[in-house]
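Q: In case you want the letters, here they are:
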Amino acid sequence: MTRRVKGIVGGVILVILALYPWLFGIYFTNVIVTCAIFALFAVSYNLLLGYTGLFSFGHAMFFGAGGYATALALTHIEGCPLLVALLFGFLGAVALALLLSPIVARLAHSAFAMLHLAFSMLLYTLALKLRGITGGEDGIGGFPIPPFRIPGVVSVDMTDPLNFYYFAMAVLCGSLWVAWFLTKTPFGQIIVSVRDNDKRVDYMGFKVPQTKAIIYTLSCGFAGIAGSIYAMFQNLISAAALGIAQSFAPIVMTMVGGVISFFGPIWGAVIFAVIEELTTRYTERVQLVEGLILIIVILFFPGGFIHIVAIVKGKLLGFTRGKGAGLIKGKWFGK
Amino acid sequence: MKMTKRISSAIIVLCSLCLLGLPQAMAANAAFDVNKMADMSDFDPNHPVIPTGDTIKIALVASFSGPAAVVGQIYWISVQWAAHDINKRGGILVDGKRKLVQVIKADHQSRVDVCKKVCERMVLQEKVHVLWGTDGSHLMKVINQVANKYKVIALCAASLSDDLYDAQNFSRYSFMTSFSTEQIGRAFAYYYGQMRKKEKKFYILCQDYLFGHQMAEGFKKGLKEYYPDAKIVGEDYHRLFLTDFAPYLTKIKASGAEVIYTGDWIPDAANLLKQARQMGIKLPFANTFMDEPNFLHAVGVKGTNGLVHVSQYGVEGGAFKTPEQIKYYKAWNDLWKAGKWGAPYNSRLYEHGTGNIGAYRAQTYWLLSVIERAGSTKAKKIIKVFEGDTYQYVIGKVMEMRACDHKAVQDLHIELYVPPAEQRQSFNIPPYYWYKGYSVTGPSFKIPRDKVLPKADPKLCK
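First to last, the sequence lines map onto chains A and B.
Just so you know, the first sequence maps onto residues 1 to 335 in my numbering.
Just so you know, the second sequence maps onto residues 1001 to 1462 in my numbering.
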């Protein structure tokens, strides 16, 4: 795709997003906000899994930490501005990641995955038990959502779903762009190298644990932003946001969307939002449908949706070389 | 002289008539009239006739999947029954048109985030007029928030936490027709302290969320008020949908408690009682939701004997005092006995249609009566009628909607579970027992409404 075509596609997407609430109404506007939140959450997860080769079963703890940090800030700090609350969410998740990274940055594979499962369950239990702080099973809800204010310039009411949509989409799309940009930097290439052969990267003079710690912290920070927006959007955060089901959500979205591409998890989030929207109207067994799709994807399309798209594109456009061909073969990016 | 005597007699007769008529007139603004009930012989909860188009839409927000799916099924049959009855009568005249009642399932999967989403879908997509909820006070809080945001009516028929209607959480769009945690706690305290006067050591075991904590608070407050000599020998809160109660039960055993006070609902209530009996703990449970027939049957007559249950749908003495009450009971029970209903509605849980099922049906009838009297589906008009309204259930109980905080004022009943042979005290028509396989309601004690007034936030109720 040429630069010009990319620009046009980007422009069209922006126009669609800008007009979306008028085209589809409040309900579907709320659906797309949820979808975007989970897209960022899944992308943050894929920075670990897809780019660095770190498989985690506890990514929800950063999502939840971001949500709780924002909710607590809005509950206890009178007049806390919106962006400060968002910053609290980001810093909450980053602080937790910094606390854990000395331990986890030296690990990989199942040890990394299981340790995260253990830590996330610990946090989940703490959230349930520290009722005075976290609200226990009920969570923290009903906190004030401050207006988006630039002193002397503008003050926008964020309890209006339309205004919140633009705010949330700006933050989420901005975060997605930053994450994407990160993967295009030399640092992005190093983390891919760490995934492929960490010993060779070490021989080349790069510090593998530190590299892992940096991407880990950044990934968790993005998850924290997603959690923060989620808490403000729902006006509620509960222990469920830290639970095992929440940790599995980005894994499943990434697998279904495609671990082999930056955009795979975004597609995964979209696919699951659509499935949920359609199935809940006909059955209460949404998870059954989602589980079946995951099984089919793993058995027949291990590269996920993005892989299927690449195959179709390859057949239509006749890719034989370059990135497209790599995707057709189901290879991970950067190989 | 003769004239004066005649006038005096006339005055006496008139006064007597007035006195006799007055309680009836004061009883309620409206009452359920069994004689107006439609022929319900075609009611089938598995295949309900659901009208579409320009209808009065009620979203039934509940767990329809996961471990608490049975609760959703209970609500479904109860609300659907009332809707079916009203629809067969031709619907309700609202906004100048007779409209049928459409009940829509909304599964919140016991998750707060899903609850918000599904409620918004009901309001924005399905355009429902009422959100009917639900199992879990934390989820009812979400329903109330959505109702408040989009200005639709919320009916709290099954969540009991008082805090849902304090000054901080109060929404003028939401009405609590169920009993509440403090009422329950105080009712038990009143029964043990002022009526029974025997057991003194209580152990509190509740679910670790808003409802569970409020249940405990209500009981503690009630004990202070009605039974200062009583002692709380232990207090624990467990997470929802726990499967192993052994650590808690071991502590209870060691505590020397004489009664276990619990607010647990199924499946927790079932697992708790089963495991307690398996561990040889024979203590009575003072409970609210330990009344599900299938699991009580599994525990048996001995294991369920002596349970103490608080009911929002109870009566003192025999349950059937009038031919109308028998007719209403039989309309349900005959259908169940005929085996027309498929699973899960063919289980013994649905045999009688009393207890909580009876309460949910009655609360739905009350709601529909309010809508009828408001003559509109507009929230503001419904609120106007609902605030301060009184309504008489088929069992004779009169409900009052307190205007200041939208909580129902009502009498409660403490029921003692006894073996089948003694159940005729309550089940006073043939075959003179509710269930043969376990102990259930026998003697029942009325706790007057003024002893168990729902907690009122002074910021709302002066």
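Keep in mind that the hints were calculated from the coordinates and are not lab data.
Since the structure is predicted, the reported quantities are computational estimates derived from the model, not experimental observations.
Be aware that a few hints might be false.
[Said to hold, decoys possible] No more than 30 Å apart at the CA atoms, straight line, and that leaves these computed lysine-lysine pairs for DSBU-like:
{"no.": "1", "chain 1": "B", "residue 1": "K1224", "chain 2": "B", "residue 2": "K1462"}
{"no.": "2", "chain 1": "B", "residue 1": "K1036", "chain 2": "B", "residue 2": "K1149"}
{"no.": "3", "chain 1": "A", "residue 1": "K129", "chain 2": "B", "residue 2": "K1036"}
{"no.": "4", "chain 1": "A", "residue 1": "K207", "chain 2": "A", "residue 2": "K184"}
{"no.": "5", "chain 1": "B", "residue 1": "K1231", "chain 2": "A", "residue 2": "K129"}
{"no.": "6", "chain 1": "B", "residue 1": "K1340", "chain 2": "A", "residue 2": "K129"}
{"no.": "7", "chain 1": "A", "residue 1": "K129", "chain 2": "B", "residue 2": "K1253"}
{"no.": "8", "chain 1": "B", "residue 1": "K1201", "chain 2": "B", "residue 2": "K1274"}
{"no.": "9", "chain 1": "B", "residue 1": "K1330", "chain 2": "A", "residue 2": "K129"}
{"no.": "10", "chain 1": "A", "residue 1": "K129", "chain 2": "B", "residue 2": "K1197"}
{"no.": "11", "chain 1": "B", "residue 1": "K1330", "chain 2": "B", "residue 2": "K1340"}
{"no.": "12", "chain 1": "B", "residue 1": "K1253", "chain 2": "B", "residue 2": "K1282"}
{"no.": "13", "chain 1": "B", "residue 1": "K1220", "chain 2": "A", "residue 2": "K129"}
{"no.": "14", "chain 1": "B", "residue 1": "K1436", "chain 2": "B", "residue 2": "K1451"}
{"no.": "15", "chain 1": "A", "residue 1": "K129", "chain 2": "B", "residue 2": "K1151"}
Q: Out of the numbered hints, which ones does the structure contradict?
A: 2, 3, 6, 9, 10, 14, 15
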